[in-house]
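Dock chain F against the given chain C, drawing on the hints supplied.
There are 2 protein chains.
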Amino acid sequence: MNEYRYEDIRIGHKESFTVTLTEEMMASFKDITKDVNPLHNDEEYARSKGHRGRVAFGMLTASFLSTLAGVYLPGKRSLIHEVKIKFAKPVYIGDTLTVEGIVEEKNDTYSLLMVKVTIRNGDGDKVCRAKMQIGVDS
Amino acid sequence: MNEYRYEDIRIGHKESFTVTLTEEMMASFKDITKDVNPLHNDEEYARSKGHRGRVAFGMLTASFLSTLAGVYLPGKRSLIHEVKIKFAKPVYIGDTLTVEGIVEEKNDTYSLLMVKVTIRNGDGDKVCRAKMQIGVDS
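These protein sequence lines map, in sequence, to chains C and F. Residue 64 in this note's numbering sits at position 64 of the first sequence, and the numbers go up by one each step. Residue 61 in this note's numbering sits at position 61 of the second sequence, and the numbers go up by one each step.
Please keep in mind that the hints were generated in silico from the structure rather than gathered at the bench. You may find that some hints are simply not true.
Put simply, identical chains are the same to the list, so a pair is met inside one copy or across any two.
[Claimed, not checked] Each computed DSS-like pair below joins lysine-lysine, with the alpha-carbon atoms no more than 30 Å apart:
no., residue 1, residue 2
1, K126, K84
2, K106, K116
3, K76, K126
4, K89, K49
Excised from the complex, chain C in its bound form (with noise of 0.2 Å):
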């Protein structure tokens, strides 16, 4: 985990991470939010909407927005404040996703950051882009 303070970051820092999207993540993001949606959840349903198999939450994707905030940028002294996302591209199981962020700007006044996040799969396509201002604690 890093630890970067406020003083510690620059504009144009960057961080990321990659991580493969699971059934095993899958099953625990259903039981924690009892989304059934059948998108998700049933293989043959996703396919009859044009899909290669059941289609990632995606909540479930951005929630690696919590391990880009809180794990690598800042790191530990990491506040969420704001989070803007959108879906670009439907998630696989078995993608393995790349998650980048990028700071864009800094407020001296409140100590935040301005965290440009693309998140692209194995083939390069941006699945997810998102903006985080995040707060660095002293």
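Coordinates of chain F only, in the frame set by chain C:
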């Protein structure tokens, strides 16, 4: 699970549900994300930061937006396009959250719903506000 069609839903349509945030959800979310941030995982650290206990992962609270869209509003035909989330107050383990969505706008060209979401704790405090742009599949 609701199965509303786009034309079934009027501006002002509301759906809500309650959920209690548990220790097990925290453990599952940590397993998924590997977010080891001490604010969520270390009681003593969280108390040293002025909290009454470990703070729930913000993105765990946000994961119930998946349930709202995929099960309630509109339910089966849900396709989440965009989500904007503001975290207003900390959520603690054991808090019972009420998640309420209300349709603010409709876009007939793209069969999109603009849904305003409020998540309140048991004291009625808004802990999270969100705007979701949700497509309704035909």
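Now the hints, each set against the structure:
no.: 1; hint: K126 / K84; verdict: both (15 Å within a copy, 18 Å between copies)
no.: 2; hint: K106 / K116; verdict: both (12 Å within a copy, 28 Å between copies)
no.: 3; hint: K76 / K126; verdict: both (27 Å within a copy, 25 Å between copies)
no.: 4; hint: K89 / K49; verdict: within (14 Å within a copy, 38 Å between copies)
Consistency with the previously given hints is maintained throughout, with no hint failing.
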